[in-house]
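Asker: Spelled out from the first residue to the last, the chains are:
6 protein chains.
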Amino acid sequence: MSIAFKSLPDIILEPMIRNAIAEDLGQYGDITTRAVIAADTTYTARLNAREAGVVSGMQVAEITFLLIDASLQVTTHIADGQPCKSGDTLMTIHGSATSILMGERVALNFAGRLSGIATMTAAFVAETRHTTARITCTRKTTPGLRIVEKQAVLHGGGFNHRFGLSDAILIKDNHIAAAGGISAVLERAKAVASHMVRIEIEVDGLEQLAEVLSKNIADVVLLDNMETKTLKRAVKMVNGALITEASGNMRLDRIGEVSGTGVEYISSGALTHSAQTLDLGLDF
Amino acid sequence: MSIAFKSLPDIILEPMIRNAIAEDLGQYGDITTRAVIAADTTYTARLNAREAGVVSGMQVAEITFLLIDASLQVTTHIADGQPCKSGDTLMTIHGSATSILMGERVALNFAGRLSGIATMTAAFVAETRHTTARITCTRKTTPGLRIVEKQAVLHGGGFNHRFGLSDAILIKDNHIAAAGGISAVLERAKAVASHMVRIEIEVDGLEQLAEVLSKNIADVVLLDNMETKTLKRAVKMVNGALITEASGNMRLDRIGEVSGTGVEYISSGALTHSAQTLDLGLDF
Amino acid sequence: MSIAFKSLPDIILEPMIRNAIAEDLGQYGDITTRAVIAADTTYTARLNAREAGVVSGMQVAEITFLLIDASLQVTTHIADGQPCKSGDTLMTIHGSATSILMGERVALNFAGRLSGIATMTAAFVAETRHTTARITCTRKTTPGLRIVEKQAVLHGGGFNHRFGLSDAILIKDNHIAAAGGISAVLERAKAVASHMVRIEIEVDGLEQLAEVLSKNIADVVLLDNMETKTLKRAVKMVNGALITEASGNMRLDRIGEVSGTGVEYISSGALTHSAQTLDLGLDF
Amino acid sequence: MSIAFKSLPDIILEPMIRNAIAEDLGQYGDITTRAVIAADTTYTARLNAREAGVVSGMQVAEITFLLIDASLQVTTHIADGQPCKSGDTLMTIHGSATSILMGERVALNFAGRLSGIATMTAAFVAETRHTTARITCTRKTTPGLRIVEKQAVLHGGGFNHRFGLSDAILIKDNHIAAAGGISAVLERAKAVASHMVRIEIEVDGLEQLAEVLSKNIADVVLLDNMETKTLKRAVKMVNGALITEASGNMRLDRIGEVSGTGVEYISSGALTHSAQTLDLGLDF
Amino acid sequence: MSIAFKSLPDIILEPMIRNAIAEDLGQYGDITTRAVIAADTTYTARLNAREAGVVSGMQVAEITFLLIDASLQVTTHIADGQPCKSGDTLMTIHGSATSILMGERVALNFAGRLSGIATMTAAFVAETRHTTARITCTRKTTPGLRIVEKQAVLHGGGFNHRFGLSDAILIKDNHIAAAGGISAVLERAKAVASHMVRIEIEVDGLEQLAEVLSKNIADVVLLDNMETKTLKRAVKMVNGALITEASGNMRLDRIGEVSGTGVEYISSGALTHSAQTLDLGLDF
Amino acid sequence: MSIAFKSLPDIILEPMIRNAIAEDLGQYGDITTRAVIAADTTYTARLNAREAGVVSGMQVAEITFLLIDASLQVTTHIADGQPCKSGDTLMTIHGSATSILMGERVALNFAGRLSGIATMTAAFVAETRHTTARITCTRKTTPGLRIVEKQAVLHGGGFNHRFGLSDAILIKDNHIAAAGGISAVLERAKAVASHMVRIEIEVDGLEQLAEVLSKNIADVVLLDNMETKTLKRAVKMVNGALITEASGNMRLDRIGEVSGTGVEYISSGALTHSAQTLDLGLDF
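Chains as they are written, first to last, in our numbering: chain A, 120 to 403; chain B, 120 to 403; chain C, 120 to 403; chain D, 120 to 403; chain E, 120 to 403; chain F, 120 to 403.
Read the hints as simulated data drawn from the structure, not as lab findings. Each hint should be verified, as a subset may be incorrect.
Same chains, same names: a pair is fine if it fits in one copy or spans any two.
As the list claims (entries may be wrong) - DSBU-like mimics (lysine-lysine), calculated; alpha carbons at most 35 Å apart, straight line:
no.: 1; residue 1: Lys204; residue 2: Lys348
no.: 2; residue 1: Lys204; residue 2: Lys291
no.: 3; residue 1: Lys309; residue 2: Lys204
no.: 4; residue 1: Lys125; residue 2: Lys355
Given the structure is predicted, the values throughout are model-derived calculations rather than measurements.
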């Protein structure tokens, strides 16, 4: 079955991409290219990987070029979610040189960043291979780019957390404090929440976890900033009654150990806020 | 004199920030907070640094909170462009707990990223202290965030390159090839360019540089991917006739050496595409 | 505790309201009022109920008047979610006559429609009083008004279903057919779904229900177009293993009977697509 | 001659439809369909009427599907303004199953509502068949949907009133009171009104009507909340000097009688604010 | 009575003004002022007339400054629609120098252009003083500025024609030809037109005029490109049965003569497409 | 080589053109044409010049027609930047009569205004033929139309000044006064300006000019409101050290004389704020 889940409808992506194109073109467009390159020059450009990784951003890059010039011929060779080696050609673009040069930087800025996220996610996922733990992102994404950064996490083999504040309930320490404790906060949430919305609650110790379990309201428990030993005990306490998620300082070198605790999800903000750009270039 | 140059008018920043808020609030807002926290709860929240760095994004964070709730009282303690230590309180926000929690993540996502850029820029700038070389950014910015990322470079003590494709001419290797060489491309640019627009041209060797110098048209020369020794010779050849800029693989550990060549500008895409987020948090 | 869950942040509502104001003002504004009423005339206007019901749309009406003229003094007497009798004054608006007349129709069009939905919902809810069944809406809302129509359902005492296509999984007959049956479709969903997203599946008979139960993947089952007798058997089969929701032709006169089956949720598109406008007027 | 008057240019409708699609797709699109249906599945879907009525919204439904996926093949079988029987296929859509399922709910929400308005209008019009009276709508429309609701009234055989506040003058009781009476208000309107703008004035009795007639300024008189007997006398008094419009509590069961008074237009807000959705469905 | 008819609600004007500000500020704002003027410098600036005329654009200029900086104190001394002499101060702005300099050019570009239109209109109106003829504009306005240009015509003492294509019917020669003649075209228009919409028809000779009169459908007749003698005969033929409007090559030096024919309206595209900018400046 | 520099990417122009179309279509479109012309009528329309000039706005007119109806066949016969004689056909449009009539006024309003600017610019340029002086525009453009007005100046043979406040530094008298003199202001500018931004400074006398020259920071000097004799001396003083620009009351009859002074650029706001519309018409 094809990977439809890992692509998005163009109508969702286009406003974000138009915004990025407008930002780079400015009010007057590419004054260099228009000044020095004959309007009828055509190019075949190759979007090449200069290091190995996992590809993301090809759908975005393709839309970028086509919004600028619908007559460009764009062929993707390595699709979003696939691995690439250094030197691989990910995409070929053929047509007006002016159009290709106008889109080059925007396409590369997207694809480099998104492939970086997919690549970092894949590295985290690789550490969990011996287990059934899943890697998931957070809301620590780049303002304005959340939809594509979350897709990039999927492309890297990870899973998505809630999209934003309105699609799931996640009760954190501040909520618990303000509401007067775990039992009170869970009852309040249950009283108004839609039956189509999951409820997750953050706990920082086993005592809190016990209270969460006793209420039988939450769907997911966020085990925050726990040592591996404590995590293992927490997972045991939960014993399948809730989905378990570990978070807090989840560095790559700790993922193997944490995934061995039996926790189901490991979430990391670093996937989206600290991934290194994958080195890509456009060659003519 | 105050640092007006390093802030932007609110009317420019607001659309970007509204977009980011809408992304996180989704269609229904913060369903957790609305479910569990009494509407009249008030907080005093502190935006604290959890590591040392150079601050950026305070103006953006303040606008974020005020767009969500104009009655919040926001006080900035460490302004954009100033250094911070771990534990410093950068900003205090007082008012509706619901409003503060709604804005928390957006404000942190901006401020963490921008302070990361300012901090990395400051590290580059520190390497040039013994010289008059200036650090400058590129167009390798996050799509949609260029205005604030370029400000963050200023906050770190760097300088800005052109904003986008329409405010300056930068002739690269592809342009030179398509136009039939350096002399031809410079003449074409001169023939149509506004007198208010600077012309920069990229060269990859001293022979090209000699041709650029002989034409006396360009304002700036981009010395691309040169070894330090070659850079030194290039600067000497230019001898003040043009502004010199070095680019290509400008890692932090090379900046000191490069700035010693006498080159006036050193540009690095890493400042904006590979800065690590500065660790900030909101404490109640 | 105040009803924060039943209000929305202004920043979410404003674009929808601006759009409605622009629609009514047209390109030239209220040419009647500007022609015949002196600019300094002030009014005190009362938004009155002309029939009994449950109020919704007061927050929207207030924002409408304030977007047109921030100097208007708007006081809400009967808040969203409260019952009203014929003759009750819901809101008082004091200030420029021109401004009030400009906002009158937009405010009434919103408030009449939304109060109609709240009132119809309350009638459905009243039929469930002897049980713990909850009334919920669907996606059969007015294009462009979903956020406020779903709030109106809350104001009437109902609950919300998923907001749209992206915040929960709801597997319908077409999906089941295309995917090759219930087991296959549930496994596919589980393989990719976020742990923060609920999965609901529609069944039209007890055989399908048995298969759903055996897979232990779904959170919610939609019991579609079943007779009351069948519904009762279905609820018994489920026995708390899943959340149960009844839908399909849920007319007011059937709600009492259906809620007696033990089903937890009863969903009705009629709440939003066929509610009668509540008769409201603005009196000066 | 074709019914161009009853359709609108796509460029006017598209922003409204894009808004509705964005509302339903949310930030992540149709996560159910993408998860469980293979991306290359194709469907032929039929938009069928499940009750008899007058069709409206086919142009809007077609644009909806094509904005989501320009490669869909959409054929309209029963055009806007034509009657349908229960079971009739109004439109066929062929192509990507994913695309059709993404557009289904938005298309149905529009078409059901608009066909409901056209159907109710046709019922009103049928009551006037023995006369030359025309049925017309008001500004009591759904916020954001006025353009298509007014079209739906045309599709049902009715006529449109002014679009909004800026395209015609309609002087109501509050205007008369504030301006110091009928003569004064009409003179003020005449003093500034464009010659391309009609002037209508509301009267609630024959004395006011006499004053309106004596001024010879208005084009149209709104006979508000009059009994049939009074209406008949009013029409006689006017004797063709003005266009006559009856309004106020114009229920379907009264239209035949009212249209027999010789009044030229009968306006009803119920057409747009209280029409029942026509039952339509998409079958695969 | 105050001149409310000649001002527009801010909510209508703001999007146009925001667009103009964004155009001038560009992506980075006023880099000159931010670079060289201390952020806390305050100015009192005077918007002065450098030639005599009729003022328009003060409302727009005030909104411009306040959108840029809500803390500016703006006082209008000579309101829209009033005459000014060379040297008159029209408006005073006090506050941040940076803010005033950012808004200066946008405010002047609007006010100079609009005052030019008001001034030219007043010159046309002066030529009609001995008659009851009214001067009116056309749709030959600057794309994007129609609302304020039509207001400027009011400020100059003129009247407005229809706003655009959707608020009145104006049947021109091409419509007549395509529909098969005057009688046919008028009957088609009558068959579908709203009773709230005026119908105007263009004629280029007395024969056509006679046909228009015989149909008794149109409200207004456009007497196009007629010599004064013919115009006089046309007005006589009409004899008050229709509103008369003369158009086509209505130069200032011909207005006196044309207004003497008894024609009620004289329309001129030159008012909006060829008015000279009034010379205004901002002095500190 | 083709004139790519004088055209703009469609993606930049479309928002401005959509805005203009929306303004003219209003909320309901062309009610005249839809009422009286059969929907399947086709036309061939010719956009003809009714006076001689230089053409601009053909790209904009073409986009206008195609945005309204992508099936129209549009052929440009005389491209932007080319001269036309009275009677020349500039463009042919073939297709739906309704579509052509909907776009007619917007296309003509753009093309008439822009061709007027190109024509006036060409007249200025003609006066400089005996020299190397270049004619350039200012920021005194129509709000919202700067991009196309600046293109029109190029089409007339002129050059562009900076686009807006953010793409170049232009230090005026107020800046100099506020910063404490020419030397101070130039040093401040140099301290923060990007190396990709030109610095221009206005001087009103030779003493100021001497100070500018002595600082060796500015790229361009604006010689404001100088008599021809003084200009000549200024150019001599500069002696190629800076680019020279003359401004202030640069009427057509003075251009020949001014260009003879050796000044390199002559800027005139009149090109964009006071050009007469070129008389164009659409004939069927």
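Asker: Go through the numbered hints given earlier and state which of them the structure violates, listing their numbers in rising order.
Answerer: none
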